[in-house]
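Just so you know, the sequences run in chain order A and B.
Here the working numbering is used: the first residue of the first sequence is 1, the next is one more, and so on.
Here the working numbering is used: the first residue of the second sequence is 1, the next is one more, and so on.
Simulated from the structure, these hints should not be mistaken for laboratory data.
There's no promise every hint is true.
As the list claims (entries may be wrong) - Taking lysine to any residue and the SDA-like style, the derived pairs with C-alpha atoms no more than 25 Å apart in a straight line are: (1) B:9 <-> A:91; (2) B:57 <-> A:71; (3) B:14 <-> B:67; (4) B:9 <-> A:82; (5) A:55 <-> A:96; (6) A:55 <-> A:11; (7) A:53 <-> B:15; (8) B:9 <-> A:108; (9) B:9 <-> A:40; (10) B:83 <-> B:15; (11) A:53 <-> A:5; (12) A:55 <-> B:14; (13) A:55 <-> B:108; (14) B:71 <-> A:42; (15) A:68 <-> B:28; (16) A:55 <-> B:83; (17) B:57 <-> A:3; (18) A:53 <-> B:67; (19) B:71 <-> B:28; (20) A:54 <-> B:67; (21) B:57 <-> A:53.
Stated by the list, open to error - Not the full set, but computed from the structure, chain A residues with beta-carbon under 10 Å of chain B: (22) 78; (23) 87; (24) 88; (25) 98; (26) 99.
Beta carbons are placed, not taken as given, at the ideal position from N, Cα and C, and that holds for glycine.
Here are the chains, one letter per residue:
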Amino acid sequence: KNEVEQSPQNLTAQEGEFITINCSYSVGISALHWLQQHPGGGIVSLFMLSSGKKKHGRLIATINIQEKHSSLHITASHPRDSAVYICAVRIRETSGSRLTFGEGTQLTVNP
Amino acid sequence: DGGITQSPKYLFRKEGQNVTLSCEQNLNHDAMYWYRQDPGQGLRLIYYSQIVNDFQKGDIAEGYSVSREKKESFPLTVTSAQKNPTAFYLCASSMIPFEGAGSSYNSPLHFGNGTRLTVT
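Pulled out of the complex, with its shape left as it was, chain B reads as follows (with noise of 0.2 Å):
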């Protein structure tokens, strides 16, 4: 079955430490996108990428580094200058990108299980 998936399910890392998540889809997407959750507040937006090789910055994108060298992958790295990097991280893809230029309202979303950070 396709889809996507996140390794590993819960990270725990030293304060200071970068770390990366990883995220890979098979269901052949061209766009990919980062989301973090915390305790009462709506997903919010990090990174995304429409395409291979490119990718552009949400709206908490201080902190974290991603990288698209491949279609099937999109990983982000919590570096040490995230302030407070313990929370849900999700990666969703879709057909169809549903962020920024160009992007359609009509394109499904596709979540992965997530990964659970925690910094100490």
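This is chain A alone, in the form it adopts within the complex (with noise of 0.2 Å):
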């Protein structure tokens, strides 16, 4: 079983609805980040997270430590937020920290 775990794996949206995408992990973490991959592969830093609820434009995370969940909302879709939406998680080891990535989300946003 993976250690973080993405659902859904594709998530097809009209444009304006209201985008949910979970983030769930089986250990013990210090942080989470949620990323964005375009279409032609670059991936872009949305946000970081070691508790409680971050805001951004029209995304917002929030993580559940006690849980160990993450959930990324996107309010007002539209198809430019089309993307792949990975979760990773920062997990701490005695020799330091590692980073483990989900397999991310397929958003595609219909117009």
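Fit chain to chain and form the complex, with the hints in mind.
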């Protein structure tokens, strides 16, 4: 079983809809990242969370450390939001820390 | 604007040939990383470097080599020993290391646009 699981794997929405992408993890972490991968392949960091909630424009990210779960919400979705959204968690180890990535959620927003 | 430049965007090679992927950053970051992305899988760490002239193996280093002679540059060579080299390769950097000893959880991630390597 992967240490990081995202759902759904694929999501299709109509423009204007409220979108939720979920990320669950099975180990203790010190931080969680949400990333956006454009159709061309480049990746942009959206959020870095260790607790609570962050908002940037139409994007909201929440994390519940006790439940080992995070959600990424997109309000008033737009076709330009179509991308792969990736969750990554930072796992502390005795030798330092490492990042583990989810497989990503492919989001398509239709006009 | 500062950023990470990967070149070329697409690369084609014949089996048995070594190939080098370029990664340059002008963000003045100490730490740099190479990841491999395959369909249906999360990014996997190949190599990382926390400082010039030093680098560490990641989870899937076999068949790859790197160098870090300059702070700005972290080229990745895919050797003929890599059994399944066809993949999408992403380079990343951070001011503070986010892998290995001394890494910090509060390092933002900066990625390049990737190189798609096809070996036939």
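The hints, checked one at a time:
no.	hint	in the structure
1	B:9 <-> A:91	violated, 31 Å
2	B:57 <-> A:71	violated, 32 Å
3	B:14 <-> B:67	holds, 23 Å
4	B:9 <-> A:82	holds, 21 Å
5	A:55 <-> A:96	violated, 29 Å
6	A:55 <-> A:11	holds, 21 Å
7	A:53 <-> B:15	violated, 48 Å
8	B:9 <-> A:108	holds, 24 Å
9	B:9 <-> A:40	holds, 9 Å
10	B:83 <-> B:15	holds, 9 Å
11	A:53 <-> A:5	holds, 20 Å
12	A:55 <-> B:14	violated, 47 Å
13	A:55 <-> B:108	holds, 16 Å
14	B:71 <-> A:42	holds, 22 Å
15	A:68 <-> B:28	violated, 34 Å
16	A:55 <-> B:83	violated, 43 Å
17	B:57 <-> A:3	holds, 21 Å
18	A:53 <-> B:67	violated, 39 Å
19	B:71 <-> B:28	holds, 7 Å
20	A:54 <-> B:67	violated, 37 Å
21	B:57 <-> A:53	violated, 34 Å
22	78	violated, 22 Å
23	87	holds, 9 Å
24	88	holds, 8 Å
25	98	holds, 6 Å
26	99	holds, 6 Å
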